[in-house]
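Undergrad: The lines below spell out each chain.
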Amino acid sequence: MSTEVASTTQAPPVLEVVDLETRFHTARGVVRAVDGVSLSLRAGETLGLVGESGSGKSVLGRTLMGLIATGGTTEVSGTVRIAGQAVHELSGRQRRKLWGPKIAMVFQDPMTSLNPVRPIGVHLTDPLRLHLGLSRRAAKERAVELLDRVGIPDPRRRLEQYPHELSGGMRQRVMIAVALSCDPEILIADEPTTALDVTVQKQILDLLGSLARERQMATVLISHDLGAVEGRTDRVVVMYAGRAVETAPTTELFAAPHHPYAEALIGSVPALDAPPHTVLRAIDGTPPDMANPPVGCRYAPRCNRAQDLCRDQMPLLLDTSPGRSVACHFPVSVALPDVPEVPDGANEKETV
Amino acid sequence: MAGSGTAHLRESDDAVLDVRDLVVEFPVGRKQVVHAVSGLSIDLREGETLGILGESGCGKSSAGRAMMQLPPPTSGSVRFADTELVGLKPRELRRARSRMQMILQDPISSLNPRRKVKDLVAEGLAVWGYDGDDRDGLLRETLLAVGLDPEVVWERRPHELSGGQCQRVCIARALLMDPTVLICDEPVSSLDVSVQAQILNLLERTKDRYGLSMVFIAHDVAVVKNISDRVMVLYLGKTCEVLPSDGLESEAVHPYTRLLLASVPGAEEVAAGRGEAIVPISSELPSPLAPPSGCRFRTRCPLATERCAEEEPQLREVRPGHHVACHHVAVTAEENQ
Ligand SMILES: Nc1ncnc2c1ncn2[C@@H]1O[C@H](COP(=O)(O)OP(=O)(O)O)[C@@H](O)[C@H]1O
Ligand SMILES: Nc1ncnc2c1ncn2[C@@H]1O[C@H](COP(=O)(O)OP(=O)(O)O)[C@@H](O)[C@H]1O
Ligand code: SF4
Ligand SMILES: [Mg+2]
Ligand SMILES: [Mg+2]
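As given, the protein sequences belong to chains A and B, one line each in that order.
Just so we're aligned: the first sequence equals residues 21 to 372 in our numbering.
Just so we're aligned: the second sequence equals residues 735 to 1071 in our numbering.
It is possible that some hints are incorrect.
Pulled a few chain B residues facing chain A out of the computed Cβ check, cut under 7 Å [to be verified]:
id	residue
1	928
2	931
3	1018
4	1020
To list a few chain A residues with every Cβ distance to chain B over 12 Å, as calculated [to be verified]:
id	residue
5	41
6	44
7	47
8	109
9	146
10	202
11	244
12	316
Hints are computed from structural coordinates only; laboratory data are not their basis.
C-beta: ideal position from N, C-alpha, C; glycine also.
Please model the complete structure; the sequences and the hints are all you need to start from.
TA: Shown next as structure tokens:
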């Protein structure tokens, strides 16, 4: 166990993100959907990305993938490094070459990523032939293996079927097979089970977990559902209004969250073993308008610990212990490290 | 025998909402029929919250809507406040049903996008032609009761509100009709957890304050347990199990309920209390056009035997107030006693 931990810590990260910002210029102003996020991920590691809807999880996932890049009204700054390559410095064509063998993504609604007029088989064999240069025949055999691996019964027959002929759970399995077809080093799963029934959800999450283990894939599991992330990830990043507000090993986060938002979020989920009619820990108010966020801590208007300092100064993401950090002036049950006075405006740089 | 029985109904006749053998079928195509609800019976008592739990497609919404007569059921009886609603003429129905209100999953689309909050909330009153001097005062009071600041939202339209705020508007609109029964169809399923908690707390407070009885429909076990006194589990239009919500996670015995519990993320430990985990033999929901014979869950049930295909299990009591429709669970329960 301990050697395993040591070896993963020593392996170089397969995904490195430094100070990533994704801004959309809209009629209402600049939306800083991702606002200075840094993180790194090693082979075989699973990172959970949690936060309420609108907190920037999907935009972050798509920016990591290089699906969102500078152009038009969109601006991306900071660095995303995949296998040593800075994704956003590549040409569009070079970037697309990463999709499949280096990084792949699974989305919430498989129907939007599957082409309704093409049979399942083609979705699988196309990338295999394109990226791996397999023959038609070899690609088909590989597709059958993949469908079988993701738990689709009677895979040979399924190759001929169209997406609408499958249930939601089966379609998501197909999407996972497509994402895995070129054996990616990094898998980004954006709410992969949100649209599915609970019994199917568990099966899909179990499948993703076992695939990540057997292939030593680095996985980013994006979810608004804390339950989906607890017990299935090594580390968690909690996002609020485009920023990482806390990052911690998963078990430590759920045992003792330090950020008031993380604490309230965990407390707002009804516990199955709590008695009926237990009053839930709700969070008052709603997340800020991302085109016009409050100055200082973005959570301050909803925070039960907020003081004047919070409404004034954006808290830095600071390490509280190895592998843990929190962006809060008055964190829950932990003392902040002593930091030298930062000059005004210097609190932009952060690391996770 | 159409349903899974009525053994779970309680002896006394003080139910505020009494539903018997509710059947909802939708004809589709040539001679085909969707069996959405197949013989559902409930007795909702005053001040009680009954949770209806099940995966999508199991007939929860069809049942809730049939209770409201939107549309009326294919067969069965719905007695509300001592009036049989099935078969009433539209005008009589509107009067008889006014004190039974419904709240839906998607709050934004259940509000007319062109109307302002003050008009949306008053919609119910307008139906009655109510125009007393205290109208605005009543509206403001109700908005406050659901946690909306009348000064802020009065002139706003739905798109200027968050999902949680829209759901509050829907609740306010329902409350203004002075209901005794509230049917909530997945009222928090489309909301973020922090907002979901606000609405659940609000419903709980509102229920006490306005003396409501509730039918609360959802697919999330923990949510249903939190708000309900009793829980009814549906599968493909049939009742599997009815039990008190207190201790549900360890007391439930129907294989489908166990499967739902085992699927709750992080619930493995909680559910482990009661022997082996349930592993479904198939993840596919059978077609509601041709539901399986006998027990409808049998195609996914690890305990299924021939008897399950031949004979429909009837609800029977396994302990006071706890009823299960399963051939094999009854045996286990006897052993446990
Ligand atoms: N193309 C876009 N143009 C403008 N704003 C956008 C765009 N895409 C996303 N946003 C905004 O960015 C924020 C983050 O969105 P998203 O990443 O989808 O959140 P999440 O996945 O956490 O629910 C939201 O406020 C959203 O409205
Ligand atoms: N108007 C309709 N016409 C045909 N089939 C319907 C109609 N409404 C619902 N159904 C079907 O009835 C079954 C039960 O649906 P529903 O009551 O919405 O379930 P739930 O609310 O539990 O998800 C499903 O198979 C659904 O497709
Ligand atoms: S910085 Fe202040 S407002 Fe922000 S979370 Fe911490 S205590 Fe709350
Ligand atoms: Mg998203
Ligand atoms: Mg429904």
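Undergrad: Take the hints in turn and mark each one as holding or not.
TA: Here is how each hint holds up against the structure:
1. 928: Nearest chain A Cβ about 4 Å off; hint holds.
2. 931: holds (4 Å)
3. 1018: holds (6 Å)
4. 1020: With Cβ-Cβ at 11 Å, over 7 Å, it is violated.
5. 41: The assertion about residue 41 (chain A) holds, with a minimum of 24 Å to chain B.
6. 44: holds (19 Å)
7. 47: holds (15 Å)
8. 109: holds (36 Å)
9. 146: The assertion about residue 146 (chain A) holds, with a minimum of 27 Å to chain B.
10. 202: holds (26 Å)
11. 244: violated (6 Å)
12. 316: The claim holds: residue 316 (chain A) sits with its nearest Cβ about 20 Å from chain B, beyond 12 Å.
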